[in-house]
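Asks: Here are the chains, one letter per residue:
Protein chains: 2
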Amino acid sequence: MSVRIAIDCMGGDHGLAVTVPAAVSFLSHVPDVRLLLVGREAEVRAALAGFGGADLSRIEVRDAPEVVAMDEPPASALRSKRKSSMRLAIEAVKSGEAQACVSAGNTGALMAISRFVLRMLDGIDRPAIAAPLPNQRGGVTTMLDLGANVDCEPEHYLQFAIMGAALVSVLEGRDRPSVGLLNIGEEAIKGNDSVKQAAELLRASSLNFHGNVEGNDIYEGTTDVVVCDGFVGNVALKTSEGLARMLNGIIREEFSRNLLTKGAALLSMAVLKRLKDRVDHRRYNGASLVGLRGIVIKSHGSADAFAFEFALRRAYDAARNGLLERIAQTLPQLTAEAHAGATGMPPQPSEPPGAVR
Amino acid sequence: MSVRIAIDCMGGDHGLAVTVPAAVSFLSHVPDVRLLLVGREAEVRAALAGFGGADLSRIEVRDAPEVVAMDEPPASALRSKRKSSMRLAIEAVKSGEAQACVSAGNTGALMAISRFVLRMLDGIDRPAIAAPLPNQRGGVTTMLDLGANVDCEPEHYLQFAIMGAALVSVLEGRDRPSVGLLNIGEEAIKGNDSVKQAAELLRASSLNFHGNVEGNDIYEGTTDVVVCDGFVGNVALKTSEGLARMLNGIIREEFSRNLLTKGAALLSMAVLKRLKDRVDHRRYNGASLVGLRGIVIKSHGSADAFAFEFALRRAYDAARNGLLERIAQTLPQLTAEAHAGATGMPPQPSEPPGAVR
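Note that the protein sequences, when read in sequence, are chains D and E.
With full-length UniProt numbering, letter number 77 in the first sequence gets 77, and the count goes up by one each step, no holes.
With full-length UniProt numbering, letter number 41 in the second sequence gets 41, and the count goes up by one each step, no holes.
Fair warning: there could be bad hints in the mix.
When chains are identical, the list treats them as one kind, so a pair holds in a single copy or across two.
[To be verified] Restricting the straight-line Cα-Cα distance to at most 30 Å, the calculated cross-link-like pairs of lysine-lysine (BS3-like) are: (1) LYS94 / LYS83; (2) LYS83 / LYS262; (3) LYS83 / LYS196; (4) LYS276 / LYS262; (5) LYS273 / LYS262.
Keep in mind the hints are simulated off the structure, nothing from the lab.
The following block holds chain D by itself, in its conformation from the complex:
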C-alpha cells in the first residue's frame, strides 16, 4: 500500500527552509511514499523550485493561507486558524487523503487541533506524547507521557502502557515489548498513590509488565517502554537535554583549551564524530501523539532538515505498519483484563521488582 503523508510545511522555527528540503530528500529515499505539502502555496512552490530533480509526481501542494504561530495559545489556534497549514494537514488525515501528518509547530496547538479534528480513540481522554530515547544497549527506550497529561489517574498509566507497547511493536518490530512504570527507589515512600494503583492494573493485564523502573533505567534500556505522567516525563526529557548540552560544552571546551588539546582533538576527530552520531538527538526526532484516531507526529520545533526527515520516517513507518489498527485491537482487551484482574484481587502493597534496589 502506498502511504501518503501530510506535512505542515509552515510549522517549526524554520518553516519551509527545513520542511521542504526534508520532504524532497525523503521522497528520494522512499520510493513508494507520496507527500501532501500544506502551506502558503506560492511559498511552498517557490521552495520546491529550488530542487530541480525532485519527483513532483509524488507531491501535491495544498494552499493554507494561515499559519499557527509558535507561541500562539492553543485555544486561539483552534478557534481562529481554521485555514492554517497545521489544521489542513490534520484534516487530510481525517478525510483519509493522508495516513499520517507531521508538524514541527506549536505542540499545544497541535494537540488541541488534532484532538478536535481527529477525536480520541474510545476510552482515551487526551493524547499522550511518546518519543524514543537512545539507550546503552544500542536500541531505544520509548517513553510516554512527555508532557500532555500532568495529573494522571491509574487508568491513564495503563493506557500509556498499551499505546506505548503498540508503538514499539509497530515501529521497532518488537514482539511483546516490556513495559516499566517509572517510580522512585526510596523504600520508605515508594511512589505516590496513583503510581501504586497503576502498578496493580499493569500487573493484572497481559502486557509484558516488568514492574517499577527508576530514572536511570531509561538510558540503561531495562524495558522497551517506560510510562510516567506528563510532568515527570517532561522534566526527565528536558533534564536530559540540559545535561547532554552541558557535557557537550565541556568536551568542546576541554579539547580547545590549548594547542596540545587541539592537536588531540584533531587526532580524535573520527572518535568524536562517531560519538556525536551515536547520541545525535536528531536521529530520535519525531514524537508520536498517541490516542488519536489518526497518526500525528510532532517534530522538534528547532529541527533541521536532517532531523525533520527522521520525523517523516516515523510517520511513514507508523502508517505502513498499521499503528492505529494495533492500538485499536489491543486497547479494549488489555483494558478489560487489567480491570478484571485488579478488582478480582485485594489491593496489595506494590512490591519492589528487580529493577529497584
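Take the given structure of chain D and dock chain E to it, following the hints.
Replies: The following block gives chain E in isolation, referenced to the frame of chain D:
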C-alpha cells in the same frame, strides 16, 4: 569555633573501608575539626591502626554494637536498632557532642531516625533531601526535594525554597540565592495545581524567586536553587545518572574501538582526565537532610573514600557557617510574608516567566 562531626562508620556499601580512610584524610586537611567515629569499636580501632600518622588526639571512637543494613525497612531500623552506629551518630548531634553527622547508610532509615531523634524545625513536616549538581556556568545548582516527599502541598515547595536558599547562602556563600520552581513548558497545561499555587506563595515571599524553570535549567544553572517534589526530583537525578553513565560508556567504547582510536585516547589523556574531573559525581557527594533540628549529611551508599570526604566537608561547612541558625532565622519571616502576600491578592493564573519558552 572547633566543629565536631559524628560519622556513622559502618554505613554504606563499603563501611569502615571507606569511612575511616576518609576521616583520617579529612583530619589531615582540616586542622580544627574533631571527629567522633561511631561503630563497632574494635573494628573501628583496627581500621584506624592502619594509619600510623593519624592525629588521634582529634578522634574519639564510640562503640555501637549494631549496624543498620542497607536494605532494612526504616521502621524496623528505628524500633530495633537503638544501639546502631547510625542512631548513636545522630544522637551525638542531638546531645550537642557533635555539630553534624554523616552517614552513607540506608536513606530511609537515616530519615526516619533523624526525624525521631532530632525532631523537625517548627512548621516543617518531613526532612527534604537537597544536593548540589554541577552546572554549565561552572558552579552548582542545589536541588530539592530529591525523594523524601512524594506528594507535596504548595506550602512544601515554599519550605524547600527557604531551606534551599539558606543552604546555598551558607555552603556556597551566595547572597540572596535565586530560586526556580521546576515546571514544564507546555503552554496549554502548565504545571499541576500544587505547583501553580506554590508559584503564588514564592512570588509573594521576599525570596529571590526567578519563576518557573524547566529540566534543562538545572544544568544550565539558571537559578541557584531548584525546587520540586520528591518524585520529580528523584526521577530527574536518576535519569541524569543513567544518561551520564551511558555517555561515559559510549566515550570509552569509541576510544577503545581499534589501535588508531586507542592512540587518540592516549594523546587525549589529559583532556579526558580533566573532563572526568569536571563531572566527577564524587565531588558533589553529600546530600543535606534539611528541615531537622540538626545537621545530617547523607553520602551516596557506594561512595569511595574520596567521595566520602566531600560529604564530610559539606557537614563541616554547614556546621561552621551556621546552617541551622540561618534556616531558623529566615523560615518564620519568609513563611509569614508568603502567606500574607498570597492571600492578600486573588489567585492569579501563573504567568510564564522568562525561563519558559
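Asks: For the identical chains here, do LYS273 and LYS262 meet the 30 Å Cα criterion within one copy, between copies, both, or neither?
Replies: Answer is both: 15 Å inside a copy and 15 Å across each meet the 30 Å cutoff.
Asks: My question is about LYS94 and LYS83: at a cut-off of 30 Å on alpha-carbon distance, are they close within one copy, between copies, both, or neither?
Replies: This pair counts as within: shortest intra-copy Cα distance 15 Å, inter-copy 69 Å.
Asks: At most 30 Å between CA atoms: does that hold for LYS83 and LYS262 within a copy, between copies, both, or neither?
Replies: neither (53 Å within a copy, 58 Å between copies)
Asks: Measure nothing new, just compare the shortest in-copy and cross-copy C-alpha distances for LYS276 and LYS262 to 30 Å and report within, between, both or neither.
Replies: both (17 Å within a copy, 18 Å between copies)
Asks: My question is about LYS83 and LYS196: at a cut-off of 30 Å on alpha-carbon distance, are they close within one copy, between copies, both, or neither?
Replies: Neither, since 45 Å and 34 Å both go past 30 Å.
In terms of the numbered hints stated before, the structure departs from hints 2 and 3, listed from lowest to highest.
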